[in-house]
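Visitor: Below are the chains, spelled out letter by letter.
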Amino acid sequence: MVAITESEASSLTVREVSKSFPAPDDPLSRPLALDAVSVSLAAGEMVSLVGPSGCGKSTLLRLLAGLETPDSGALLIGQEPIVGPSAERGLVFQDPNLFPWLTVRRNIEAGLVARGVLREKRDEVDGFMRLVGLEEFARAYPHHLSGGMAQRVALARALINHPKVLLLDEPLGALDAFTRMRMQDEVLRLWRARRTTMLLVTHDIDEAIYMSDRIVIMTQRPGRIERTIAIALERPRDRSSPEFLRLRGDILELLHFAGKPI
Amino acid sequence: MLRESRRGAEVSLPSSPIPTRASFSTGVWRSLLALPVAACVALALHLSVSRADPSPDALSYTLFLGGILGAGVALVALQPWWPGLRRWMENMFPIMAVALLLLCVWEIITTGFRLLPLPYFPSPAGVLMSLLNDRALLFDSTWHSLILLLGGYAMGVIAGLISGVCIGWFSFARYWGMPVLKVVGPIPATAWIPLAMVVSPSAIFSAAGLIALAVWFPVTMLTASGISNTKASYLDVARTLGAGRAYLIFRVAIPAALPNIFIGLFMGLGASFLTLVVAETVGVKSGLGWYVSWAQGWAEYGKVYAALVIMAAFFSTIMTLLFKVRDHVLVWQKGVIKW
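From first to last, the protein sequence lines stand for chains A and B. According to our numbering, the stretch in the first sequence is residues 21 to 282, in order. According to our numbering, the stretch in the second sequence is residues 5 to 343, in order.
For the record, the hints were derived by calculation from the structure and aren't laboratory data. Any given hint might turn out to be false.
[What the hints assert, rightly or not] Beta-carbon label-pair distances, calculated as ranges:
#	chain 1	residue 1	chain 2	residue 2	range
1	B	Gly248	A	Glu155	27 to 33 Å
2	B	Met100	A	Glu155	43 to 49 Å
3	B	Leu325	A	Gly147	37 to 43 Å
4	B	Asn233	A	Phe41	20 to 26 Å
5	B	Leu278	A	Gly74	51 to 57 Å
6	B	Val188	A	Lys141	44 to 50 Å
7	B	Leu278	A	Gly193	46 to 52 Å
8	B	Gly248	A	Ser73	30 to 36 Å
9	A	Leu138	B	Phe209	42 to 48 Å
10	A	Gly153	B	Arg249	32 to 38 Å
11	A	Ser60	B	Val188	53 to 59 Å
[Stated by the list, open to error] Covered stretches of chain A, as calculated for chain B (at least 3 residues, CB under 8 Å):
#	segment
12	107-116
13	130-136
Even glycine gets a Cβ: it sits at the ideal position worked out from N, Cα and C.
Chain B with its partners taken away, still in its complex shape (with noise of 0.2 Å):
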């Protein structure tokens, strides 16, 4: 009977949810080794269909490609000795390879076949020439762009922390202030351009006005319904451990209410972002909109695609960062592990 049992548990054992050593290597060993081979092909494709005209954006294609595939593999190279980097890998690298064979996607329909009309639609190897030609005006864009957003958003979010903490706490404030943010708040910011132009001094500060106004709705509608849905219980413990109405507030009422702060954060941020890249393409003189608009004003597409490039990765370091400092505020809200 023991026995039995016992042969019974070891039949069972194989097909246990637990990956044996030999098959967890093996996808390991595939997911770090997917973009040293994605580069190999998107190396090999780029010099197949550049042979017929070895230009400078081809050559310098060629050296990013490289560059990628040297890069990819010193690192699986390293990764044995640095087991962060080993998990940092296997999360990314199937990510980074599709994005490598979609740029050989990219490729075959411009350089390879010529599908698309150019100038409209640059090969992936001439925007990548834009981008360098142009690093030193687009570094300036991105600078003014950065200021202006930082500044509008900082502004944005301070006026709709204090208005969302008075509409959520005080009865008169939500008395006055609720109509006003239900019909104001939903005119998207960028509509008030026509008048922001005629009140507003310089176009900076009326662009950083607008965008600080796009901010300061969400960041007050969240705010406010966080603070009026405190835990009635939570308030009552606190006042009969003796807090007074600012411990009430700061210390009990802004602490429950930081997850629906978070996400009002989040979505003026990207109420900002929108406002931003408006804001510049038809009022202020400098950022990566208006660099979008001079570029295709002169029909140079390749250099609307780097700044398209740059925004992306600019718009997602952003966003990253927020998330990464909601991560240390709310690190309380984490797990479910009970002792």
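Same shape as in the complex, but just chain A (with noise of 0.2 Å):
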């Protein structure tokens, strides 16, 4: 296991950020993305983000992971502001993206290469493999790997450089039922061991009951806060007990999914 070092991770402030994309048919109206969203995450936090397709939740992270800039408002990761992608802001799409060329070792190094750190920190990289559990494939190619296994290397890769804040967008997304909630577990897990600052993109309300601290629902675009509700839940949670379902209910009638009397 990688020793866990003191808390390296760091709080998130989102403050009245707005966002705007010129519209594709139409290039000169910029309709917002993102419109005056505030929200906080704790250091040590895990906070899922929950709304509609095209409702700014990937806009959103893109602008924490510096990707973006946003057109008003403010990103601060502690008391810091935003002002690009940095090494500590780690950031997992759902396409895991592993560099094709690069066997499973040297995709999770491309951290420590891309910050010239290797020589000193080859060592941990032995930790990383053993921590997702891919000792045995580390001179394998991705294309010969499995789509949770390759979402594993994506999260190894991302933890190495000890990122402050892990930003997940959809990280399951793509994963069949099963192997998507022993994920959920290895995520977790991943968290409780690091105590990195997590914020999950999710469609599935399951997972992000399952898994958070708090819930942050977001309304069609342009994207707004719709509200804040804190699970809590004892951990390890129970799928189905009744205040997870209960919970479940709720966030879909907020979410307007919940069946309508007619």
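Using the hints, build the complex out of the two chains.
Guide: Given below as structure tokens:
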């Protein structure tokens, strides 16, 4: 196991952030993707972001990663403003996006190479290979991996930089139901082991309830925060307990997916 | 019920696609024996057509076919102890056998029935004789062609990679470079020959420059499109891993563009062969292209064909080497097996 260093996590603040993009059919209009969104995460917190597709969840994550800049508002990590991409904010997509020309091991090392610290930190690579259970596949190329294994490599690749915040953009969205539930436990184990602040975008309400301390629900485009729900259930959570199912019903109702009485 | 289904399985066995041992080994033997049999046929045919005039041409061709027959028989005798050799023979012997039979057809048309006018269409024996008699000059010409080709190709590839990466990555290079590429690139390199002869102090340099130009265009084009089509999410991932510009270019964009770059390298290689031969024919006083036009000037068509045979072997060897390099570099693309 990788040694747990002193709290590496950092808080995250989104204050009144708006972001617009040019419309694909009419470049002159710029409809808002995010409209004055404010949300904050305490250090070490696991928060899920749910909402209808196109509500700007991924945009918010890309803003936090530093891959986009907001039109207005402030994005802070700890007390520092976010100005661009950095290794302290890891990002994992739905598509693992492993570099197909690198072996599993080299993919995991990529962050160390990019920061020019491979020589000092080479010993850590084995730890991360073990952390995600992929020692035997060190020399395999990504096209040899199943979806779940590839996503574990992507997680290890993001974690090797010891990010203060891990941004997860539907990381388990492409997996089958069983692999998905196993991977949820895996992510929770990594989170408990490292206490990294995690922001998880998901379409799966069960996943959000199962994993997170709080669920932030966003509205249809332009994205706004509709409601934040704290999940006080004891971990490990039982997916079929009455409290779990009640929360599920509440959230579905908020998203207008609950059955309507006719 | 159970017994019946088991019998059903037994009945369906013979029709399964897995070959039984007997049919497998006859198939193997058929391909292994193809070459020796074809060599026997060619030898018999050659001896019967050339009985009329026992010239030295005929003798060397007899020895050549005899050598192939001997080598084929020896390999067939050796293969039980060397599975790798057997696989290669199974794959290659049918092709070689057909090539020998085509030589037979050629010999029937030329020496046999004398259907084609001499000296333009010599027999295979005549070509072999020219090859043997003029081997020193042919070797020298091949050597000169190789130096010129590799020099020009290397320059073209280096220039093409640099300009391709710049045009693919930097938008200002794209803005100014693309028009040049679009206007100058499609002109065949050989069209510059008149200019190259005037500008350059020596024919060798101008030929190398022309080959480089012919290689430069496809390499630049394909490299630039490969670089600019790098999946944006690879670059995003690299940025969030702490990558700077050098990492993004050299460790993300270029590896991602490599499949495209290799297409450009292959296209450039084809263009370089063409330019090499034309340049040697009109300007440079050495090399295989020069040899062909020189032999043609003396109406020694046996030598022309001998040079063509050498060219075929020479160019296809270089092509094969590039394929090997590609297979080595792009090993990560191979296979789709999932664990």
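Visitor: Against this structure, judge whether each hint is valid.
Guide: Taking the hints in turn, this is what the structure says about them:
no.: 1; hint: Gly248(B) - Glu155(A): 27 to 33 Å; in the structure: holds, 30 Å
no.: 2; hint: Met100(B) - Glu155(A): 43 to 49 Å; in the structure: holds, 47 Å
no.: 3; hint: Leu325(B) - Gly147(A): 37 to 43 Å; in the structure: holds, 42 Å
no.: 4; hint: Asn233(B) - Phe41(A): 20 to 26 Å; in the structure: holds, 22 Å
no.: 5; hint: Leu278(B) - Gly74(A): 51 to 57 Å; in the structure: holds, 53 Å
no.: 6; hint: Val188(B) - Lys141(A): 44 to 50 Å; in the structure: holds, 48 Å
no.: 7; hint: Leu278(B) - Gly193(A): 46 to 52 Å; in the structure: holds, 51 Å
no.: 8; hint: Gly248(B) - Ser73(A): 30 to 36 Å; in the structure: holds, 34 Å
no.: 9; hint: Leu138(A) - Phe209(B): 42 to 48 Å; in the structure: holds, 44 Å
no.: 10; hint: Gly153(A) - Arg249(B): 32 to 38 Å; in the structure: holds, 34 Å
no.: 11; hint: Ser60(A) - Val188(B): 53 to 59 Å; in the structure: holds, 57 Å
no.: 12; hint: 107-116; in the structure: holds (count 6)
no.: 13; hint: 130-136; in the structure: holds (count 5)
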